[in-house]
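S.K.: Letter by letter, the chains look like this.
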Amino acid sequence: MKNKIKVLRAEHNMTQADLAVKVEVSRQTINAIETGKFDPSLPLAFKISRLFELPIENIFIDEV
Amino acid sequence: MDTKQNSWKDTSKRNIRQLAYWTGGWVVTMAIASFGQKYFWEGNTVLSIIFIFIATLVGIGMILMNRKYINSLDEMQRKVHIEAMAIALGVGVVGGLSYSLLDQANVIGFDAEIADLVMLIGITYLIATFVGNNKYR
Numbered sequence: 001m002k003n004k005i006k007v008l009r010a011e012h013n014m015t016q017a018d019l020a021v022k023v024e025v026s027r028q029t030i031n032a033i034e035t036g037k038f039d040p041s042l043p044l045a046f047k048i049s050r051l052f053e054l055p056i057e058n059i060f061i062d063e064v
Numbered sequence: 001m002d003t004k005q006n007s008w009k010d011t012s013k014r015n016i017r018q019l020a021y022w023t024g025g026w027v028v029t030m031a032i033a034s035f036g037q038k039y040f041w042e043g044n045t046v047l048s049i050i051f052i053f054i055a056t057l058v059g060i061g062m063i064l065m066n067r068k069y070i071n072s073l074d075e076m077q078r079k080v081h082i083e084a085m086a087i088a089l090g091v092g093v094v095g096g097l098s099y100s101l102l103d104q105a106n107v108i109g110f111d112a113e114i115a116d117l118v119m120l121i122g123i124t125y126l127i128a129t130f131v132g133n134n135k136y137r
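So the protein lines, in turn, are chains A and B.
Yeah, the first sequence ends on 64 if you go by the numbering used here, and it's all consecutive.
Yeah, the second sequence ends on 137 if you go by the numbering used here, and it's all consecutive.
Bound-form chain A, shown alone (with noise of 0.2 angstroms):
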């Protein structure tokens, strides 16, 4: 699955370390999810959305 959450936090001038603070997961965690080693749960998705004020689908994009 691939994700704009580079792109996201770029523009919120955040890095790996404030994105994983801000939805209480390690770095390691969000640096994981951004380059698409490891897909996060439906919670941990809301959480992302929420902080970013965006719908899910705008953030993670399914690849069929």
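If you are wondering where the hints come from, they were derived from the structure by calculation, not from laboratory data.
Don't take each hint at face value.
Unchecked claim - Facing chain A, according to a computed beta carbon distance under 8 angstroms, are these residues of chain B, among others: (1) Trp8; (2) Asp74; (3) Met76; (4) Gln77; (5) Arg137.
Unchecked claim - Calculated lysine to any residue pairs in the SDA-like style (CA-CA distance at most 20 angstroms, straight line): (6) Lys37/A to Ile49/B; (7) Lys37/A to Glu53/A; (8) Lys37/A to Trp26/B; (9) Lys2/A to Lys47/A.
All C-beta atoms in this analysis are idealised placements derived from N, C-alpha and C, irrespective of residue type, glycine included.
Since the structure of chain A is already known, use the hints to place chain B on it.
M.R.: Just chain B now, with coordinates in the frame of chain A:
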């Protein structure tokens, strides 16, 4: 929100510290229960039972603390640990039984000890956690 965010990190660090204390406590009480009857109170069954009981209680505390620690991890860290546990359990069961069969068949010149199995599980868990963490890096 910052207080809440910092509290997650703080809780995580506190759980790691507490797990280390419980693990250390269990190792110490196990060592006392094991070596005490050999070097300090040889033949005193009551003392042996008391110290084995204490070691078991501390061991139960360590298990509960480990569960609390795993539950406090974030979802990716939890996945890494669950995979590592699955591998460690599998290696422990398969490796342990094969090792026991080797002993029964007199292929190995020494007795298969439970301590070897504990070491095998522990080392496997460590390696699997390390590999898992690297996979998502």
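S.K.: Take the hints in turn and mark each one as holding or not.
M.R.: Verification of the supplied hints:
The interface hint given for Trp8/B holds, since its Cβ lies 4 angstroms from the closest Cβ of chain A, which is under the 8 angstroms cut-off. A least Cβ separation of about 4 angstroms between Asp74/B and chain A falls short of the 8 angstroms threshold, and the interface hint therefore holds. Checking Met76/B against chain A: minimum C-beta separation of about 4 angstroms stays under 8 angstroms; hint holds. Given hint, Gln77/B at the interface with chain A, holds; its Cβ is 6 angstroms from that chain's nearest Cβ, closer than 8 angstroms.
The interface hint given for Arg137/B is met, as the beta carbon of that residue sits about 7 angstroms from the closest beta carbon of chain A, less than 8 angstroms. Between Lys37/A and Ile49/B the CA atoms are separated by roughly 50 angstroms; this puts the pair beyond 20 angstroms, and the hint is violated. Between the alpha carbons of Lys37/A and Glu53/A the distance comes to roughly 24 angstroms, so the proposed pair goes past 20 angstroms and is violated. Pair hint Lys37/A plus Trp26/B does not hold up; C-alpha atoms about 37 angstroms apart against a cutoff of 20 angstroms.
The suggested pairing of Lys2/A with Lys47/A holds, with an alpha-carbon distance near 17 angstroms, which does not exceed 20 angstroms.
The structure does not agree with the numbered hints 6, 7, 8 stated previously, though it agrees with the rest.
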